[in-house]
Amino acid sequence: NSKVIQTPRYLVKGQGQKAKMRCIPEKGHPVVFWYQQNKNNEFKFLINFQNQEVLQQIDMTEKRFSAECPSNSPCSLEIQSSEAGDSALYLCASSVNQDTQYFGPGTRLLVL
Amino acid sequence: GMPVEQNPPALSLYEGAESGLRCNFSTTMKGVQWFQQNHRGRLITLFYLAQGTKENGRLKSTFNSKERYSTLHIKDAQLEDSGTYFCAVEGTGGYKVVFGSGTRLLVSP
Numbered sequence: 001n002s003k004v005i006q007t008p009r010y011l012v013k014g015q016g017q018k019a020k021m022r023c024i025p026e027k028g029h030p031v032v033f034w035y036q037q038n039k040n041n042e043f044k045f046l047i048n049f050q051n052q053e054v055l056q057q058i059d060m061t062e063k064r065f066s067a068e069c070p071s072n073s074p075c076s077l078e079i080q081s082s083e084a085g086d087s088a089l090y091l092c093a094s095s096v097n098q099d100t101q102y103f104g105p106g107t108r109l110l111v112l
Numbered sequence: 001g002m003p004v005e006q007n008p009p010a011l012s013l014y015e016g017a018e019s020g021l022r023c024n025f026s027t028t029m030k031g032v033q034w035f036q037q038n039h040r041g042r043l044i045t046l047f048y049l050a051q052g053t054k055e056n057g058r059l060k061s062t063f064n065s066k067e068r069y070s071t072l073h074i075k076d077a078q079l080e081d082s083g084t085y086f087c088a089v090e091g092t093g094g095y096k097v098v099f100g101s102g103t104r105l106l107v108s109p
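From first to last, the protein sequence lines are chains A and B. The letter at position 30 of the first sequence is residue 30 when you use the numbering used here, and the numbering goes up by one with no holes. The letter at position 42 of the second sequence is residue 42 when you use the numbering used here, and the numbering goes up by one with no holes.
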């Protein structure tokens, strides 16, 4: 039921490498969320945007993670220097006004 | 933080059976959303509720902000209902969303 697109579906990086993933929200959805789901199925909110502006982000995101949602381009989440503990499923979701969220298929990151 | 507890952690049903899942939270929440995560990891949106009850086919969800819980009821369970069901709650103080730990449902023939 979701039209959110995430690329790539799988990403393999070495420790210290940059890892970048992209998200195209559903048309007409100005709000975008990024989450990390670890191997224990636990979700962690990372950051969210309304149009191009950051609404909230957690400390982890402020330090090694960077994200943006430029106009007329896909949103992106980038890990500057990947660590083994970053291996997870990264999920992007979009919504009209912070209520119902529609998720993409995720990018599964493996850091070797 | 805003702890969100889901129970049961796991549930087995036979086709045609029905059961309820529960999501408890410790403070007043603005809204709750329920998702099913299938075996491929895809999250399928089921409901968003800011109050009251919603029903869609074999699924029904309620949200009681005052009592701090939400429920998801599945009736006439089908094999394709198998998966992990998550509730995610939105606090009143901002846009952060916190997920519960999930209920793993297995529907057997």
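A few of these clues could be false.
Just a few of them, taken from the derived set where beta-carbon distance is under 7 Å, the chain A residues facing chain B [unchecked claim]: (1) N41; (2) F43; (3) F45; (4) Q52; (5) E53; (6) N97.
Pairs of lysine-lysine residues, derived as DSS-like cross-links and limited to a Cα-Cα distance of at most 27 Å, are as follows [what the hints assert, rightly or not]: (7) B:K66 - A:K44; (8) A:K39 - A:K3; (9) A:K63 - B:K66.
Everything labelled a hint here was simulated from the structure, so no lab data went into it. Please read all numbers here as calculations on a predicted model, not as lab measurements. Where a beta carbon is used, it is the ideal one built from N, C-alpha and C, also for glycine.
Each hint tested on the structure:
Against a cut-off of 7 Å between C-beta atoms, the interface hint on N41 (chain A) holds, since the closest Cβ of chain B lies about 6 Å away. The interface hint given for F43 (chain A) holds, since its Cβ lies 4 Å from the closest Cβ of chain B, which is under the 7 Å cut-off. About 5 Å separates the beta-carbon of F45 (chain A) from the nearest beta-carbon of chain B, less than 7 Å, and the hint is met. Because the closest C-beta pair between Q52 (chain A) and chain B is about 15 Å apart, greater than 7 Å, the hint is violated.
With 7 Å as the threshold, the beta carbon of E53 (chain A) stays out of range of chain B, its nearest partner Cβ sitting at about 12 Å, so the hint is violated. Of the supplied interface hints, the one on N97 (chain A) is violated, with its beta-carbon coming no nearer than about 10 Å to a beta-carbon of chain B, more than 7 Å. Taken as a hint, the K66 (chain B) and K44 (chain A) pair is honoured in the structure, with Cα atoms around 25 Å apart against an allowance of 27 Å. Between K39 (chain A) and K3 (chain A) the CA atoms are separated by roughly 25 Å; this keeps the pair inside 27 Å, and the hint holds.
Of the supplied pair hints, the one linking K63 (chain A) and K66 (chain B) is violated, its CA atoms being roughly 37 Å apart against a limit of 27 Å.
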